[in-house]
Amino acid sequence: MDAINSGDTAWILISAGLVLVMTPALAFFYGGMVRRKNLLSTLNLSFILIGLISVQWVVYGYSLAFDGDLGGLIGGLRYVGLNGVGGSPSSYAPTVPHLAFAAFQMMFAIITPALITGAFVERVRFKTFLVFSLLWATLVYDPVCHWVWGEGGFLRNLGALDFAGGTVVHILAGFSALAFALAIGPRKGYGRSSFEPNNIPFTVLGAGLLWMGWFGFNGGSALAANGLAVNALVTTNTAAAAAALVWMMLSWQERKPSVLGIVTGAVVGLVAITPAAGFVTPLAAIVIGGVASSISYYGIKLVKQRFGLDESLDVFACHGLGGLTGALATGLFATKTVNNAGADGLFYGNPAQLLIQLVAALAAIGMAFVVTFVLAKLLDKTMGLRVTSNEEEVGLDISEHGERAYA
Amino acid sequence: MKKIEAIIREEKLSDVKEALRELGIVGMNVLEVRGHGRQGGITLVGRTGTYQVDLLPKVQINIILSDHNVERTITTICEAGRTGEAGDGMIFVYPVEQVIRIRTGERNHEALMYPGDIDTRPQTPK
Numbered sequence: 001m002d003a004i005n006s007g008d009t010a011w012i013l014i015s016a017g018l019v020l021v022m023t024p025a026l027a028f029f030y031g032g033m034v035r036r037k038n039l040l041s042t043l044n045l046s047f048i049l050i051g052l053i054s055v056q057w058v059v060y061g062y063s064l065a066f067d068g069d070l071g072g073l074i075g076g077l078r079y080v081g082l083n084g085v086g087g088s089p090s091s092y093a094p095t096v097p098h099l100a101f102a103a104f105q106m107m108f109a110i111i112t113p114a115l116i117t118g119a120f121v122e123r124v125r126f127k128t129f130l131v132f133s134l135l136w137a138t139l140v141y142d143p144v145c146h147w148v149w150g151e152g153g154f155l156r157n158l159g160a161l162d163f164a165g166g167t168v169v170h171i172l173a174g175f176s177a178l179a180f181a182l183a184i185g186p187r188k189g190y191g192r193s194s195f196e197p198n199n200i201p202f203t204v205l206g207a208g209l210l211w212m213g214w215f216g217f218n219g220g221s222a223l224a225a226n227g228l229a230v231n232a233l234v235t236t237n238t239a240a241a242a243a244a245l246v247w248m249m250l251s252w253q254e255r256k257p258s259v260l261g262i263v264t265g266a267v268v269g270l271v272a273i274t275p276a277a278g279f280v281t282p283l284a285a286i287v288i289g290g291v292a293s294s295i296s297y298y299g300i301k302l303v304k305q306r307f308g309l310d311e312s313l314d315v316f317a318c319h320g321l322g323g324l325t326g327a328l329a330t331g332l333f334a335t336k337t338v339n340n341a342g343a344d345g346l347f348y349g350n351p352a353q354l355l356i357q358l359v360a361a362l363a364a365i366g367m368a369f370v371v372t373f374v375l376a377k378l379l380d381k382t383m384g385l386r387v388t389s390n391e392e393e394v395g396l397d398i399s400e401h402g403e404r405a406y407a
Numbered sequence: 408m409k410k411i412e413a414i415i416r417e418e419k420l421s422d423v424k425e426a427l428r429e430l431g432i433v434g435m436n437v438l439e440v441r442g443h444g445r446q447g448g449i450t451l452v453g454r455t456g457t458y459q460v461d462l463l464p465k466v467q468i469n470i471i472l473s474d475h476n477v478e479r480t481i482t483t484i485c486e487a488g489r490t491g492e493a494g495d496g497m498i499f500v501y502p503v504e505q506v507i508r509i510r511t512g513e514r515n516h517e518a519l520m521y522p523g524d525i526d527t528r529p530q531t532p533k
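As they're listed, the protein sequences go chains S and P. According to the working numbering, the first sequence is numbered sequentially starting from 1. According to the working numbering, the second sequence is numbered sequentially starting from 408.
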């Protein structure tokens with residue numbers, strides 16, 4: 001085992017902080033888009049997961065994802081309570097303390113269920129949401145995290161490339177959001193009256209902080225302070241930039257360049273580059289960001305206008321489709337000249353990689369959609385997914401929390 | 408005595424205020440209100456496409472004045488507040504029973520008089 005490198009360790013610790021901030025950033029990104037009576041509730045749906053999943057991760061989540069392997073499907077229980085996860089390096093990150101790797105990974109486990117909350121804001125019963133999130137982390141996130149990243153995980157063994165969580169984070173969150181939205185149904189009055197965002201500046205602020213945090217998300221996923229981390233940072237920034245520009249133009253040709261649209265585009269670019277950041281060139285990042293931006297743009301229209309589904313804050317279109325685009329694009333644009341430990345994609349003479357990426361994505365999609373839908377339906381029967389119609393009208397800030405955002 | 412309630416465009420408030428000051432209208436209340444008339448609403452741009460907002464921010468100006476000043480004031484507000492597009496607003500005129508100035512206890516027309524106000528200025532037919 002290599003010795004601990006202080007530069008690498010410092011970068012992973014800072015990256016853990018950057019990724020942590022993404023969850024409150026996401027809270028503001030989402031919070032700006034709901035109605036004023038649900039602002040605190042929406043902020044809290046993300047924020048409380050820092051509490052809930054941090055504890056889950058320490059107690060058993062990390063162990064299920066990263067301890068050993070049972071049939072390629074799940075880890076073991078030796079790391080329960082982070083027992084034995086300490087200052088010495090692990091095989092996952094040979095130059096940083098094992099505990100730093102576990103802490104960095106914890107932030108990913110936190111933000112993933114937080115992403116899903118955009119599907120059911122403004123109507124979910126808080127108590128049921130807490131139970132759902134804990135079960136989802138245990139039954140969906142931890143296993144799929146193991147499939148893709150855990151040693152012995154079957155998708156990892158297959159050769160699937162997911163640099164920083166296009167599949168583990170974004171496909172899982174996006175397709176779970178779709179399933180949850182189908183199970184919970186639309187907000188009261190959806191389609192009849194328009195729901196105006198209460199504070200688009202919050203959304204802009206959130207997007208900006210997400211963008212910065214993503215440098216830790218993708219850059220930190222190099223697990224070292226090296227050239228690969230720099231490549232990831234540059235491709236990340238480039239994809240977000242291209243995606244923001246493309247969304248701006250799509251919005252412009254329809255009417256006017258919406259600010260809400262521009263910042264949404266940036267986030268979609270960040271999503272799409274996530275699986276590819278450490279495998280592709282900056283030029284490929286422009287294509288990935290731009291293409292993902294248009295797919296998500298028309299994806300929102302498809303979900304909302306064609307199917308009339310109240311997937312409220314477009315988690316499926318932005319993260320599900322963005323993550324899928326990124327996962328497949330990795331199978332096209334990956335090159336060993338960027339990352340020797342990766343693989344070549346279709347455009348570099350290895351068409352098989354695209355197929356592998358597709359298989360990995362489909363496995364994650366199936367797991368996310370089926371388990372989330374079943375969980376949501378079961379919880380609906382037992383605890384109730386929604387607040388009452390009257391509570392929904394009053395708003396969740398008052399009815400669920402007894403507080404209001406503004407006096 | 409009459410009360411004028413003029414609901415106008417937000418962006419026309421300073422023009423209307425200025426015109427009323429030139430006319431000699433000294434006192435007024437301004438309220439921020441939301442609503443719509445025939446204009447219906449406006450279209451805003453969302454993440455993708457557009458959506459309708461039907462309650463628009465408007466400004467309501469309340470003025471109390473003597474009967475003989477009502478027409479001139481209405482004309483002034485209409486001229487200063489008009490753009491010609493739907494959404495310019497409405498003016499409502501109500502009778503007022505009594506006016507009492509709290510500081511002096513003056514009532515009605517006395518209470519409405521200010522030095523340099525509309526009644527001290529020459530009437531220029533517009």
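Read the hints as simulated data drawn from the structure, not as lab findings. Any given hint might turn out to be false.
To be verified - Listed below are several chain S residues computed to face chain P (Cβ distance under 7 Å; list not exhaustive):
hint, residue
1, Arg156
2, Glu196
3, Asn198
4, Arg255
5, Ser258
6, Gly261
7, Val291
8, Ser294
9, Tyr297
10, Ile300
Quick reminder that beta carbons are idealized off the backbone N, C-alpha and C, glycines included.
Checked hints:
Taking 7 Å as the C-beta cut-off, the interface hint given for arginine 156 of chain S is violated, the closest approach to chain P being about 35 Å. With its C-beta approaching chain P no nearer than about 6 Å, glutamate 196 of chain S sits inside the 7 Å limit, and its interface hint holds. The interface hint given for asparagine 198 of chain S is violated, since its Cβ lies 13 Å from the closest Cβ of chain P, which is over the 7 Å cut-off. Proximity of arginine 255 of chain S to chain P holds as hinted, the smallest CB-CB distance being about 5 Å (cut-off 7 Å).
Among the interface hints, the one on serine 258 of chain S holds; its C-beta lies about 4 Å from the nearest C-beta in chain P, closer than the 7 Å criterion. At a threshold of 7 Å, the smallest CB-CB gap from glycine 261 of chain S to chain P is about 5 Å, leaving the interface hint in force. The closest approach between the C-beta of valine 291 of chain S and any C-beta of chain P is roughly 16 Å, which is over the 7 Å cut-off, so the hint fails. For serine 294 of chain S, the shortest C-beta to C-beta distance to chain P is roughly 11 Å, which exceeds 7 Å, and the interface hint is violated.
This hint holds: tyrosine 297 of chain S has a C-beta 6 Å from the nearest C-beta of chain P, less than the 7 Å allowed. For isoleucine 300 of chain S, the suggested interface contact is upheld, since its CB lies about 5 Å from the closest CB of chain P, less than 7 Å.
Hints 1, 3, 7 and 8 from the earlier list are contradicted by this structure; the remaining hints agree with it.
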